[in-house]
Structure formats: structure tokens, C-alpha cells
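Participant: Sequences listed follow chains A and B, in order.
Okay, so the first sequence: first residue is 1 according to the working numbering, each after it adds one.
Okay, so the second sequence: first residue is 1 according to the working numbering, each after it adds one.
Everything labelled a hint here was simulated from the structure, so no lab data went into it.
Keep in mind that this is a model prediction, so the values were computed, not measured.
Keep in mind that a hint or two might mislead.
For identical chains, the list gives no copy identity; a pair is met inside one copy or between any two copies.
To be verified - Only pairs whose alpha carbons sit at most 25 Å apart, straight line, appear in this in silico PhoX-like list of lysine-lysine:
#1 K78 with K119
#2 K21 with K9
#3 K119 with K10
#4 K119 with K21
#5 K50 with K10
#6 K10 with K21
#7 K78 with K9
#8 K58 with K21
#9 K50 with K119
#10 K80 with K21
#11 K80 with K119
#12 K78 with K21
#13 K58 with K9
#14 K58 with K78
#15 K58 with K119
Number of protein chains: 2
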Amino acid sequence: MEDTHYIIKKVQAIRGFTGAKLSLIHVVEPLPGYSYAYLGIEDIEGQLIKESHEALAKLAAQLNVSLEDQWIEVGPTKLKILGVAENIGVDLIVCGSHGRHGLSLLLGSTANAILHGAKCDVLTVRLPE
Amino acid sequence: MEDTHYIIKKVQAIRGFTGAKLSLIHVVEPLPGYSYAYLGIEDIEGQLIKESHEALAKLAAQLNVSLEDQWIEVGPTKLKILGVAENIGVDLIVCGSHGRHGLSLLLGSTANAILHGAKCDVLTVRLPE
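So that you can see chain A by itself, here it is in the shape it has in the complex:
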């Protein structure tokens, strides 16, 4: 949550500077079939999607982002983010990176994958420790 707050501040600053349109995306990674039996919950994915919608709606209200600029996708995070970015023609993807390991910073695997696959600029926001 603190991370989200930190990125929100950056995003708001960029929007303030540029007047750019902001889209929000949240990706729900599908669970393998056996996890349903194992966890004893019938529709985890449906539950996750419902919760994502609620969380994203809250964030969107905070950031004044209209419903058509909110994206909930189900699938591999990297592909879904890159796919939506390309479909709607974004100029900049903003994502956070965190996690210090020994002397060097380890990028989140999603941030890394986005960066390598993006056809647009990518701003990697270094999250505070």
C-alpha cells in the first residue's frame, strides 16, 4: 500500500506536468486447476477478479480515472500489460521496482519483463525500502 501511494504520487506529478491520459491495469494470474481442489475454494479466480475490480475502482476514484481507462485482465502479467499498452497505444508504462539483494538491486520479474518487451518508454520507479 505504501508502494502504491509512492507510485501514485509520481504518476500524479507526471500527469500534472504533461496532461497525459492515465490508464490503470491490474492483471490476475490464472491459477492452475489443481489449486481449486487443494484450496477448497470454488471460484478463486472469480473472487480475485471481483476484488481487483474493487481495488482498482478505489484507486481510479482517487486518481480520477474513468471506467473505460481501467483494465482488469486475466492471464500472464507481462503479456497482458504489454498487450493492453500496445492496443491502446500508450507512450509510457510506469512500474515500480523494489527488493534489495546483497549489493545490487533486483528488479521485480514483472518490471524486467515489461522493460524487455515494451515498444514504448518505460519509467521504472525505485520504491523506497
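Based on the hints, put chain B in the right spot on chain A.
Facilitator: Just chain B now, kept in the frame of chain A:
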């Protein structure tokens, strides 16, 4: 040169928006000792440094960057860029990425290294093909 022009435009836009101070860095990678004998040139490094100063001065004039914000370093590119960034406390490193290989974009190894080691935000500018 086209790449430089493309990044310059982005950097100027960011500076226009934010009023941020701009520093320029160019790193000369040291050559192994044997290359001197092999290439028959006595002071390649000195020559490279001299040329770097000239190129950077030209760019600095174009971007209105004063001499104390121009950095020529000799050593491993990644370490020098990260070192200067940390020493002078930059908020954002801007670097280019290019090179399409098959279906996915290959980041330059320098851009990649900077991104993984940076303690600040990194803007990776996707260079046009």
C-alpha cells in the same frame, strides 16, 4: 546520431515540464593493454577522452548544460554511471534502449545494468527502429 537526437527531444521535454537540472555523462571504457601494441596507436584512451570531451561539449552547448554538469569518466560504463548518479544525487537516469531481436526487445546491456543497479528512477527511452 539519430538516437541521440531522439533522446535529446525527450530530455528537453522532461526539462521543460519539470525544470529539472540536467547532467550529461559519457563513459570511456578502458582498453586492455595489448590493444595498444596491436592497433599501433599510442594513446587511444587519451584520444577517446579528447573526442568525448568535444562531443559532449557540443551536446552540452545544444542543451545548455554548464561545464560542471558534464561528466567524462573512464572505467566500466555501468559502475561509472551509477557512481556519478549517486554522488550527485540524481532523481532520474534517462537512457536509451534499442535492438529488436526476433519477437522481443533486447535491452542494451548498459541500460539493463543501470536499471538493476540504480537507486533512483530510470526512464528507458525506446529508440525508434
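Participant: Next step is simple, just say for each hint if it's right about the structure.
Facilitator: Results for each hint:
In this homomeric assembly, K78 and K119 come within 25 Å of each other (Cα to Cα) both inside a single copy, at 13 Å, and across copies, at 23 Å. Taking the shortest alpha-carbon separations for K21 and K9, both the intra-copy value of 15 Å and the inter-copy value of 20 Å come in at or below 25 Å. Proximity of K119 and K10 under a CA criterion of 25 Å is satisfied in both settings, with 22 Å inside one chain copy and 16 Å between copies. In the homo-oligomer, the alpha carbons of K119 and K21 lie at most 25 Å apart inside one protomer (18 Å), although the nearest pairing across protomers, at 28 Å, exceeds that limit.
For the identical chains of this complex, K50 and K10 are neighbours neither inside a copy (27 Å) nor across copies (39 Å), given an alpha-carbon limit of 25 Å. Within a single copy, K10 and K21 get their C-alpha atoms as close as 14 Å, and across copies as close as 18 Å, so both meet the 25 Å cut-off. For a Cα distance limit of 25 Å, the shortest separation of K78 from K9 inside one copy, 24 Å, qualifies, whereas the shortest one across copies, 29 Å, does not. In this assembly of identical chains, K58 and K21 lie within 25 Å of each other by CA distance solely inside one copy; the values are 18 Å within and 35 Å between copies.
When the C-alpha separation of K50 and K119 is checked against a cutoff of 25 Å, the pair qualifies neither within a copy, at 30 Å, nor between copies, at 35 Å. For the homomeric pair K80 and K21, the shortest alpha-carbon distance inside one copy (19 Å) is at most 25 Å, but the shortest distance between copies (36 Å) is not. Only within a single protomer do K80 and K119 lie at most 25 Å apart by alpha-carbon distance; the minimum there is 14 Å, versus 28 Å between protomers. Taking the shortest alpha-carbon separations for K78 and K21, only the intra-copy value of 21 Å comes in at or below 25 Å, while the best inter-copy value is 34 Å.
Proximity of K58 and K9 under a CA criterion of 25 Å is satisfied intra-copy only: 15 Å inside one chain copy versus 36 Å between copies. Taking the shortest Cα distances, K58 and K78 sit within 25 Å of each other inside one copy (23 Å), while across copies they are farther apart (40 Å). Proximity of K58 to K119 under the C-alpha cut-off of 25 Å is found in neither arrangement, the shortest distances being 29 Å within a copy and 30 Å between copies.
Violated hints, in rising order: 5, 9, 15; the structure is consistent with all others.
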